[in-house]
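Protein chains: 6
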Amino acid sequence: MSDILQSFREYRSRMNQKLMETDNKVIKRIMNLDTNTYKEGALDERTKEMLGLVASMVLRCDDCISYHLEQCHQLGISNEEMYEIFSVANLVGGTIVIPHTRRALEYWEALNKEKG
Amino acid sequence: MSDILQSFREYRSRMNQKLMETDNKVIKRIMNLDTNTYKEGALDERTKEMLGLVASMVLRCDDCISYHLEQCHQLGISNEEMYEIFSVANLVGGTIVIPHTRRALEYWEALNKEKG
Amino acid sequence: MSDILQSFREYRSRMNQKLMETDNKVIKRIMNLDTNTYKEGALDERTKEMLGLVASMVLRCDDCISYHLEQCHQLGISNEEMYEIFSVANLVGGTIVIPHTRRALEYWEALNKEKG
Amino acid sequence: MSDILQSFREYRSRMNQKLMETDNKVIKRIMNLDTNTYKEGALDERTKEMLGLVASMVLRCDDCISYHLEQCHQLGISNEEMYEIFSVANLVGGTIVIPHTRRALEYWEALNKEKG
Amino acid sequence: MSDILQSFREYRSRMNQKLMETDNKVIKRIMNLDTNTYKEGALDERTKEMLGLVASMVLRCDDCISYHLEQCHQLGISNEEMYEIFSVANLVGGTIVIPHTRRALEYWEALNKEKG
Amino acid sequence: MSDILQSFREYRSRMNQKLMETDNKVIKRIMNLDTNTYKEGALDERTKEMLGLVASMVLRCDDCISYHLEQCHQLGISNEEMYEIFSVANLVGGTIVIPHTRRALEYWEALNKEKG
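Chains as they are written, first to last, in my numbering: chain A, 1 to 116; chain B, 1 to 116; chain C, 1 to 116; chain D, 1 to 116; chain E, 1 to 116; chain F, 1 to 116.
What the hints contain is simulated information worked out from the structure, not anything from laboratory work.
Built from N, CA and C at the ideal position, the CB exists for glycine as well.
Each hint should be verified, as a subset may be incorrect.
[Claimed, not checked] Beyond 12 Å from chain F on every Cβ pair, some chain D residues (computed):
hint	residue
1	Leu5
2	Arg12
3	Arg14
4	His73
5	Lys113
6	Lys115
[Unchecked claim] Here are the computed lysine-lysine pairs in the DSS-like style, where the Cα-Cα straight-line distance is at most 25 Å:
hint	chain 1	residue 1	chain 2	residue 2
7	C	Lys39	A	Lys39
8	E	Lys115	E	Lys39
9	F	Lys39	B	Lys25
10	C	Lys25	A	Lys28
11	E	Lys28	D	Lys28
12	B	Lys39	B	Lys28
13	D	Lys18	C	Lys115
14	A	Lys39	A	Lys25
15	F	Lys28	B	Lys25
16	F	Lys18	F	Lys28
17	F	Lys113	E	Lys18
18	D	Lys39	D	Lys115
19	F	Lys25	F	Lys39
20	D	Lys28	E	Lys39
21	B	Lys18	D	Lys113
22	B	Lys115	B	Lys39
23	A	Lys28	C	Lys39
24	F	Lys25	B	Lys25
25	C	Lys39	A	Lys25
26	C	Lys39	C	Lys28
27	D	Lys28	D	Lys39
28	A	Lys25	C	Lys28
29	C	Lys113	D	Lys18
30	A	Lys28	C	Lys28
31	C	Lys28	C	Lys18
32	A	Lys28	A	Lys39
33	A	Lys25	C	Lys25
34	B	Lys28	B	Lys18
35	E	Lys25	D	Lys28
36	B	Lys18	F	Lys39
37	A	Lys115	F	Lys113
38	B	Lys39	F	Lys25
39	F	Lys18	B	Lys39
40	E	Lys115	A	Lys18
Build out the structure end to end from the sequences listed, making use of the hints.
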């Protein structure tokens, strides 16, 4: 498994576990909401994950981007679709999004490689 | 026509005209890109406008929100779909997005009313 | 009642009602969390409202600021305490917070006047 | 005098006065620094005001933009120079800066008109 | 000493020293203000450090978070109080604050461990 | 060559190449605009690079900062001028810009050293 995939997944999973163990009710509810919001509803999961990704990109949160890239990859979003999400993020958010797009592309290619 | 629809459209159109008249090449190219990015490609226009909307919401740009609400409305996005876009924006961007969601909902209802 | 107090309260209350009526589960949960988070716990309500206020100031959300100013005022926070919250927000967030501080001070003085 | 010039100047001046009257030492120092930072040093005033303007634009603070537009206008910055500042801000900050650029252009034109 | 504590403290201290050596008056005044603002006044130091922390969290500045976590820890803020600060930051700032909260929790636990 | 210079330049160059290879028209146009915007026009290159730098600093994009530091260095901007750009960024953007200024200063000193 690629190093960037493994280190992101391992750290996120370990620390999310610790966040749940704080037993703070608000934090736990936000983390539960974070899962439920992307479930199929009037919009399908694919669209919702794309929305989560573009929002994370313009807000320039690398870890949030990695997480939604994983979800989008599992839901079968194609390279061409992904590059169009990148293009909206860079247009709306400006060139300060480019460095995050470089890292997003690297992560996306690692996901493509992992799947083989 | 609703006041909030009319005043937004009139001001945006008048000042965009003036921005083009500055004859600054970079500004003109950005404004052209702003139109082209949302054209159908690997993703359809509906999805792209939803992406533009959620990005505008988390970045809390009321005028950008109004513009993408107009596009989404013309493309036939339903109330339930719209509320799910709102929900992703509020989850990712936090409660500071709520005041913008209040104004977005008001604008959306004005668009519904206008269509009759 | 001051115009700025009345117009904020009336619009917020009317549109929050409409947001609840969308019947979107995520939106409703976020709005409920927004109330519960500031309830007394390990930290008292005063401290939590001050935290909500300073967060709103550095994120430059005028309506969020007005809301937390109302709560802080009801909880008896003094002028001197309020100005120190303003000072932290302006130091951490920079001079772009000054225009929001001008409006916050205007709102705060309207609350002082209303109380008489 | 144009309404947008007058209302900005009058409100800013009145509320800055009130901010100084809070007698909070940190707030007063920040406001003093805000004046001193733009004084000529290794960089001339023109360059510094341009820096203050572009920073205000990408951070999307309309009142900060208006203030630096006033300073730039007094220092004789030309229309073409101003449009290039706008172009950098829109490139770096993305299309969410466009609505602020519309308002900036309106304010700039009011300043041009006032000067006659 | 934990690696994350040591590397943050060492880098911050070394580079702050270099920032002071630039001998730029504005930078030096801002750094002095940064110390003075959190001194006891109408609000006590504990409250002010909590305000600084929540502001740093919603603005998603990891190094600023680490610094205020250090101060909060020295002032005896409890785990339960800390988790409530985290909860306000995540509510107001949204799920993009979660990755920063993961790192904040890791830093906080390192501080707890160091104290023994 | 300093490690921080080399690793930034190598990664940026390699991933920009990959971004161009996505063959997404919008991304390519934004990247081309990113080069053209800073070309001499009504404002000279020095001023434009300073504008790009201060915008990157207040938006707290470390990689964007490194890039514009490189450009400013090549254009002969002096240490004293650079520190004044830092001072504007920290004043406008607040103390959350300090950690980025620490890294900017480290990068700047590496550039000075490289030139010898």
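Do the hints match the structure? See the list:
no.: 1; hint: Leu5; verdict: holds (22 Å)
no.: 2; hint: Arg12; verdict: holds (16 Å)
no.: 3; hint: Arg14; verdict: holds (23 Å)
no.: 4; hint: His73; verdict: holds (15 Å)
no.: 5; hint: Lys113; verdict: holds (21 Å)
no.: 6; hint: Lys115; verdict: holds (19 Å)
no.: 7; hint: C:Lys39 with A:Lys39; verdict: violated (30 Å)
no.: 8; hint: E:Lys115 with E:Lys39; verdict: holds (24 Å)
no.: 9; hint: F:Lys39 with B:Lys25; verdict: holds (12 Å)
no.: 10; hint: C:Lys25 with A:Lys28; verdict: holds (17 Å)
no.: 11; hint: E:Lys28 with D:Lys28; verdict: holds (16 Å)
no.: 12; hint: B:Lys39 with B:Lys28; verdict: holds (18 Å)
no.: 13; hint: D:Lys18 with C:Lys115; verdict: holds (20 Å)
no.: 14; hint: A:Lys39 with A:Lys25; verdict: holds (22 Å)
no.: 15; hint: F:Lys28 with B:Lys25; verdict: holds (17 Å)
no.: 16; hint: F:Lys18 with F:Lys28; verdict: holds (11 Å)
no.: 17; hint: F:Lys113 with E:Lys18; verdict: holds (15 Å)
no.: 18; hint: D:Lys39 with D:Lys115; verdict: holds (24 Å)
no.: 19; hint: F:Lys25 with F:Lys39; verdict: holds (22 Å)
no.: 20; hint: D:Lys28 with E:Lys39; verdict: holds (16 Å)
no.: 21; hint: B:Lys18 with D:Lys113; verdict: holds (15 Å)
no.: 22; hint: B:Lys115 with B:Lys39; verdict: holds (24 Å)
no.: 23; hint: A:Lys28 with C:Lys39; verdict: holds (16 Å)
no.: 24; hint: F:Lys25 with B:Lys25; verdict: holds (18 Å)
no.: 25; hint: C:Lys39 with A:Lys25; verdict: holds (12 Å)
no.: 26; hint: C:Lys39 with C:Lys28; verdict: holds (18 Å)
no.: 27; hint: D:Lys28 with D:Lys39; verdict: holds (18 Å)
no.: 28; hint: A:Lys25 with C:Lys28; verdict: holds (17 Å)
no.: 29; hint: C:Lys113 with D:Lys18; verdict: holds (15 Å)
no.: 30; hint: A:Lys28 with C:Lys28; verdict: holds (16 Å)
no.: 31; hint: C:Lys28 with C:Lys18; verdict: holds (11 Å)
no.: 32; hint: A:Lys28 with A:Lys39; verdict: holds (18 Å)
no.: 33; hint: A:Lys25 with C:Lys25; verdict: holds (18 Å)
no.: 34; hint: B:Lys28 with B:Lys18; verdict: holds (11 Å)
no.: 35; hint: E:Lys25 with D:Lys28; verdict: holds (17 Å)
no.: 36; hint: B:Lys18 with F:Lys39; verdict: holds (23 Å)
no.: 37; hint: A:Lys115 with F:Lys113; verdict: violated (44 Å)
no.: 38; hint: B:Lys39 with F:Lys25; verdict: holds (12 Å)
no.: 39; hint: F:Lys18 with B:Lys39; verdict: holds (24 Å)
no.: 40; hint: E:Lys115 with A:Lys18; verdict: holds (20 Å)
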